[in-house]
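Novice: The primary structure of each chain is shown beneath.
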Amino acid sequence: MTDAIPADVRRFILDHIGSVEMLNVLMLLFKQPGRTWTANEVGSELRTNEWSADLQLQALAARELVRASTDTPPRYQAETRHAAQVASVARTYEERRVAMITLIYSRPDDVAAEPVDPVQAFADAFKIRKDK
Amino acid sequence: MPETIFALCALTSLGCALLLLRSYRATRARLLLWSSICFVGLAINNILVCVDFIILPQVDLSALRAAVALIAILFINFGLIWDSK
Numbered sequence: 157m158t159d160a161i162p163a164d165v166r167r168f169i170l171d172h173i174g175s176v177e178m179l180n181v182l183m184l185l186f187k188q189p190g191r192t193w194t195a196n197e198v199g200s201e202l203r204t205n206e207w208s209a210d211l212q213l214q215a216l217a218a219r220e221l222v223r224a225s226t227d228t229p230p231r232y233q234a235e236t237r238h239a240a241q242v243a244s245v246a247r248t249y250e251e252r253r254v255a256m257i258t259l260i261y262s263r264p265d266d267v268a269a270e271p272v273d274p275v276q277a278f279a280d281a282f283k284i285r286k287d288k
Numbered sequence: 029m030p031e032t033i034f035a036l037c038a039l040t041s042l043g044c045a046l047l048l049l050r051s052y053r054a055t056r057a058r059l060l061l062w063s064s065i066c067f068v069g070l071a072i073n074n075i076l077v078c079v080d081f082i083i084l085p086q087v088d089l090s091a092l093r094a095a096v097a098l099i100a101i102l103f104i105n106f107g108l109i110w111d112s113k
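From first to last, the protein sequence lines stand for chains A and B.
First residue of the first sequence? That's 157 in this note's numbering, and the numbers climb one at a time after it.
First residue of the second sequence? That's 29 in this note's numbering, and the numbers climb one at a time after it.
Everything labelled a hint here was simulated from the structure, so no lab data went into it.
Since the structure is predicted, the reported quantities are computational estimates derived from the model, not experimental observations.
For glycine and all other residues, C-beta sits at the position ideal for the given N, C-alpha and C.
Any given hint could turn out to be false.
As the list claims (entries may be wrong) - Examples of chain A residues toward chain B, derived with CB under 8 Å:
id, residue
1, F168
2, P274
3, A277
4, A281
5, F282
Unchecked claim - Across the chosen pairs, the derived CB separations fall in these ranges:
id, chain 1, residue 1, chain 2, residue 2, range
6, A, A218, B, S90, 46 to 56 Å
7, B, I99, A, A239, 48 to 58 Å
8, A, S262, B, A94, 43 to 53 Å
The shape of chain A in the complex, shown without the other chains (with noise of 0.2 Å):
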C-alpha cells in the first residue's frame, strides 16, 4: 500500500517524521506559512495537548521544517524554503491517508525521527518484546 506513496514523499516521511500528530503539526503551519504558532495554540487546533504539541514543534524545529522565534513561550513559522516539499507531502496525505499513515507506522525500527516522550519511553523500556 505504501508503494502507491511518490518515491520523494516517501523519503521525506522516512526522514523527518516520526508520528501521525508530528505530520498534522506540520501540515498546519505550512496551511498558513505567515502565520506564527505557540504550542499552546497547535495544541488547540489539532485538540492535542500544548505539552506534546510542543514537542512536535520542537522537533520539527530540530529538522528546520519550522523556525523557532525567540519568544518565550516561542512562536514557531514554517520554514517556506520547504514550501514545495510539503505541499507535495500534504497533496499525498489527502490523497492516500491511510498509506501515508501506514508508513509512518511501519518504518524501519529507528527511532531518530520521533520526538521522545520520556514518560512514555520509561514505561516502554519494560516491555521485553517490543511491539510490531
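Fit chain B to the supplied structure of chain A, relying on the hints for placement.
Specialist: The following block gives chain B in isolation, referenced to the frame of chain A:
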C-alpha cells in the same frame, strides 16, 4: 529465606536498570538514563541489605544503606525534573 528475598530484590533492581539502559540507548531519553542509575543504586542498596543482615550482622550499615538509597532516588528525581517542564 530472607536472603533469597533480598537477592531477588537486588536482581529485580538490576534487571530494571538494564531494561532502562537498553531503552536509553535506543531513545536517548535522558529520564531513562537517570532512572537506570537510580535502579543501580537500589540494587546496591539491596545488596547492602544482604550484607548488613546476613553476612555482617555485627556491623550496622543502616546509614550507608540509607545514603545509597537517598542518592539513588535523587537521580530519578533529577531526571523527572530535568525532563519535564
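Novice: Tell me the hint numbers this structure goes against, listed in increasing order.
Specialist: The structure conflicts with hint 1 only, although it agrees with all the remaining ones.
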